[in-house]
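What follows is the residue order along each chain.
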Amino acid sequence: MPANDPPKQELLKGTLDMLVLRTLSIQPLHGYGIAQQIEASSEDALRIEQGSLFPALERLQKRGWITAKWGQSPTGRRARYYTITAAGRRQLGNEISSFDAMIVAINRVLRRA
Amino acid sequence: MSLLDSIRYRLRVFTRSREHEADLAEDMEFFMSSEARMTEHAAKGAVSAPEAKRSARRRFGNATYYGEEARAIAGLQLFDVLAQDARFALRTFARTPVFTAVAVATLAIGIGANTAIFSAVDTLLLRPLPFRDPERLMSVALTVPATANGPANDDIIWSLPKLQVLRASQHGFASLTAWFPTQYTIRAGDEAQRVTGEFIDAEYFPTLGVVPALGRAMRKSEDYEGGPPVAVISDELWKVMFNADPAVLGKPLNVDGVVFTIVGVAPEGFNGVSGNVKFWIPPMSGPPAWDVSAFRDPRNHSFFVMGRLAPGVTPEQAAAMVRDIGLRIDAQYPENGPVARRWGATAHRLDATRVPPGLRRSMLLLLSAVGMVLLVACANVASLFLVRAASRRREIAVRLAIGASRARLVRQLIVESVVLALVGAVASLFVAWVGVRAISAAQPTVLAGNISNSGIGTVAVDAIRLDLVALAFTAGIAIVTGVLFGLVPAIQTTRPSLTESLKADPSASQRAAILRRVSTRDVLTTLEIALAVVLLAGSGVLIRSLLHIAAVRPGFEAAGVLTMRVNRAPAWSRDSITRFYDVAIDRLSEVPGVTNVAIADCSPQSGGCSGGEIQLLDHEAPKVRARTHWITPQWADVMKVPLMRGRMLESSDRRGAPFVVVVNETAARNYWPGENPIGKRLVPLNADTAVVVGVVGDVRYGSLQAPPVEGIYMSYYQQPLSFRMMLHLRTASGDPAAITESVRRALREVAPGFPMYDVATLDARISGSLAEARFMTQLLTVFAVLAIVLATIGTYGVISYAVAQRTREMGIRIALGATSADVIRLVVGQGAALAAVGGLLGLIGAAPATRLMRAQLYGVEPSDPVTLGGIVIVLTIAALVACWVPARRAANVPAVQALRGQ
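In order, the protein sequences belong to chains A and B.
Numbered by our numbering, the letters in the first sequence go through residues 635 to 747 in order.
Numbered by our numbering, the letters in the second sequence go through residues 107 to 1008 in order.
These are computed hints drawn from the structure, not numbers from a lab.
On a predicted model such as this, the values are computed, not experimentally measured, just so you know.
There's no promise every hint is true.
[What the hints assert, rightly or not] Using C-beta positions, here's what the derived DEER-type ranges look like:
{"no.": "1", "chain 1": "B", "residue 1": "201", "chain 2": "A", "residue 2": "727", "range": "55 to 61 Å"}
{"no.": "2", "chain 1": "A", "residue 1": "742", "chain 2": "B", "residue 2": "139", "range": "43 to 49 Å"}
{"no.": "3", "chain 1": "B", "residue 1": "132", "chain 2": "A", "residue 2": "741", "range": "42 to 48 Å"}
{"no.": "4", "chain 1": "A", "residue 1": "648", "chain 2": "B", "residue 2": "201", "range": "45 to 51 Å"}
{"no.": "5", "chain 1": "A", "residue 1": "736", "chain 2": "B", "residue 2": "164", "range": "28 to 34 Å"}
{"no.": "6", "chain 1": "A", "residue 1": "727", "chain 2": "B", "residue 2": "501", "range": "53 to 59 Å"}
{"no.": "7", "chain 1": "B", "residue 1": "164", "chain 2": "A", "residue 2": "742", "range": "35 to 41 Å"}
{"no.": "8", "chain 1": "B", "residue 1": "501", "chain 2": "A", "residue 2": "659", "range": "51 to 57 Å"}
{"no.": "9", "chain 1": "A", "residue 1": "648", "chain 2": "B", "residue 2": "501", "range": "40 to 46 Å"}
[Claimed, not checked] Covered by chain B, according to a simulated footprint, are these stretches of chain A (three or more residues, beta-carbon under 8 Å):
{"no.": "10", "region": "660-666"}
{"no.": "11", "region": "680-688"}
{"no.": "12", "region": "710-717"}
{"no.": "13", "region": "728-742"}
[What the hints assert, rightly or not] To list a few chain B residues with every Cβ distance to chain A over 12 Å, as calculated:
{"no.": "14", "residue": "109"}
{"no.": "15", "residue": "174"}
{"no.": "16", "residue": "699"}
{"no.": "17", "residue": "797"}
{"no.": "18", "residue": "826"}
Just so it is clear, CB atoms sit at the ideal spot from N, CA and C, and this is done for glycine as well.
Sequences are here, hints too, so could you generate the full structure?
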């Protein structure tokens, strides 16, 4: 790992699913694309343990929030593309609002102290 | 749809687990190689490829861990465990080949026999009839009550005038159709074929909901006396005789010399209500040669009738309506004479009349019998598993002790039994396949030509196939039995506390546990024996009944006689018919091997005999019923029917000579008891007065079980009959069927274009009439033998397990001075107790079971003492066989070894 990497934030527990859904809500992506996208859109502030993406992807499929299909990556290789389902979008909405509510609550506690 | 996607995902993991796993691995591999390429690219050559790969792997984290985690979430781990368990199970089975072979064979036979019988039941009783909404179709029949002159009959066909009464006054059926199947000779080119055709009316196709695939059905406007001769042909006939010619419409079809115009082709697979029908024609359109006017006679009962219920009408309402109309029909067309009966009408759901009641009863009986075999097989395998589980107590205890969870052990034991059940199920498919072939090949003649059954011939024994329903049924039984076998021993063996089982030797504190399990096995074995005894009782009385039937003397000598019918031209006059048969008899007498030829209107066990009211002269009860037979004088010689008194009909008894008849013994005895029948006068049919000149022995024309009825024989030459006749050929030696071809050639010389049909030896006709009873008896006997063999194996397992448990005890007994005989007595006593209790329970259960079979029995009581005695003997032998080996083993225990322990 190059030494000049900026310090990165570990991901909050339980938020990976939400981030994956949010990323896929813009466009279908393969696994590596999802990881890249999450790091890029956080302006490299968030760091995910890349491997943990795979259990998350299986979990989301099992719940019917995303589906997987083999396609072709821009480099011409076979890659598995994940697409968010309508149910996944609804779930994303729920998760964002409950996450917002939690942030507000946490902030309230922190300010008062 | 989240639920649908979720289900799709789970289904994919479950059904294509290997593919899903490969996808996951490839996806992860793609991820890491993309990351490596990106790193390499970003460093612009400063980083080597292997270095980039290592870095990518580092960033990814623990790939094995995440992979496993993903697999666990997907549910793939379950497969690992199951595969492990299955492999372990197969290894375990390989170590105990005898146990495995016995268990698999037991399951294969139990499940296979059930699948075969279920296939038959499904085809014959369950599968919907091949018509539209078959549950709305009802069979409608005329009825007569039982009288001194004959039994009740509630399945009598209709005459057109009586049907007219029904049609005019009914309101419960949307449509009613009348039909009747008959054998015809059809011609196209020089080819002549003897096939079944159905007389139908215009309502036939609409009632059944069948639409011709090509052309059209009959029109209402064509359905009248003297209407146009039109025909619909079957898909099969279209393909075979007309080469599937799409331009077949409008072509002629020659039926018994009458030309019909083809207007339609039935859809593929539709073979008429009577089954195997090749064409359909309206009866009323037939040209005068067919004597359509006969249909105006209200006593000319010629048609089956079925109706489709009108919307909103229940079958019960329709049946009640038909019963009311029956009274009206009887009022309009009453039967006359001193023994007149009141006629009625009835309606049943078509589905309820699809097979003869006797066959339905037989099938249900077989189904329950084979169900008992499966129960015995299950009990047997369960008891085998219990015995085996007991011998694995130490292994299980060790595994529990070193930390295996109880759930994991139970799952493994269940997997073992399911694997065994599946292997058994696969093996059972073979058994089922053989069984189904045997059943479907079993004398299709049993049902062929049986049209006394509301005219339904679409379900037939030879249509039985091993079908998907039966396959699913097999799989279901296999899984359920597997889980059951696995569950009981699994729970039992994982229950005992660790310390007790770890001890090498069963101690006193454990005895209670052993007793508890031994009693489970004892119950299973007793149940097996009891079920086997029920089956033995059932098959026993059937065998005895069959022996009685086979011992019945039919009144003629069947061996060496070949019989056949010959088609004749419909328009022949009475004189030309007799001339035709004269020529045919002369020619056939010259065929090598034929010693004598006779003709008669009907033959034993082939149906088609005539019967009716005759009038006795100079008698106080002049109207009696009798079978009337037309024969040539050689008939008694050909059939070897004895002449009891007077003389036989002779060739001089021709037209113009005094009308004479011969009666059978039953007629002589019942009409003129204690008098000499020779010289008595009677009026058969509406013919002239005849004088009795002789008495011949009784012949059983119907089933062998039915006692002979009064019969009167007339000379064919004196009273020529415009009816198909049966040729009887007595042959010199060997198999009479061997001369069939030379007979066919000889007939072709004298009557080209008139094929012979219904060719069979008299022996074959008789054994055909016994086929159903024999088939039933054979199957039930096979089941009973299987059950008793399985019960013997089960008893053997229990006894030998008990002996193994009591080795020390036996050793001590021998050491203290017990003789071998004492020990053998001890062991055999245990087996005898099982057999006695099981046998007693079985006999108690057999009593109601055999009573249910009363209708199938002939000459034997349900509680037949011979059968019961036989069961006791068989059971004693089985118990001795089961106990012998363990008893010898116990008696030969060396005292020292037994005392030293295992």
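Results of checking the hints against the structure:
1. B:201 <-> A:727: 55 to 61 Å: Given about 59 Å between the Cβ atoms, the range holds.
2. A:742 <-> B:139: 43 to 49 Å: This hint holds: roughly 46 Å between Cβ atoms.
3. B:132 <-> A:741: 42 to 48 Å: holds (43 Å)
4. A:648 <-> B:201: 45 to 51 Å: Once the Cβ atoms are compared, 49 Å apart, the range 45 to 51 Å for residue 201 (chain B) and residue 648 (chain A) holds.
5. A:736 <-> B:164: 28 to 34 Å: Once the Cβ atoms are compared, 32 Å apart, the range 28 to 34 Å for residue 164 (chain B) and residue 736 (chain A) holds.
6. A:727 <-> B:501: 53 to 59 Å: holds (55 Å)
7. B:164 <-> A:742: 35 to 41 Å: holds (40 Å)
8. B:501 <-> A:659: 51 to 57 Å: Roughly 55 Å apart at Cβ, these two residues keep to the hinted range, so it holds.
9. A:648 <-> B:501: 40 to 46 Å: holds (44 Å)
10. 660-666: holds (count 3)
11. 680-688: holds (count 6)
12. 710-717: holds (count 4)
13. 728-742: violated (count 0)
14. 109: Violated, because the least Cβ-Cβ distance between residue 109 (chain B) and chain A comes to about 6 Å, which does not exceed 12 Å.
15. 174: Violated, because the least Cβ-Cβ distance between residue 174 (chain B) and chain A comes to about 9 Å, which does not exceed 12 Å.
16. 699: Given that every Cβ of chain A is farther than 12 Å from that of residue 699 (chain B), nearest at about 78 Å, it holds.
17. 797: holds (95 Å)
18. 826: Its Cβ never comes within 12 Å of chain A, the nearest being 85 Å, so this holds.
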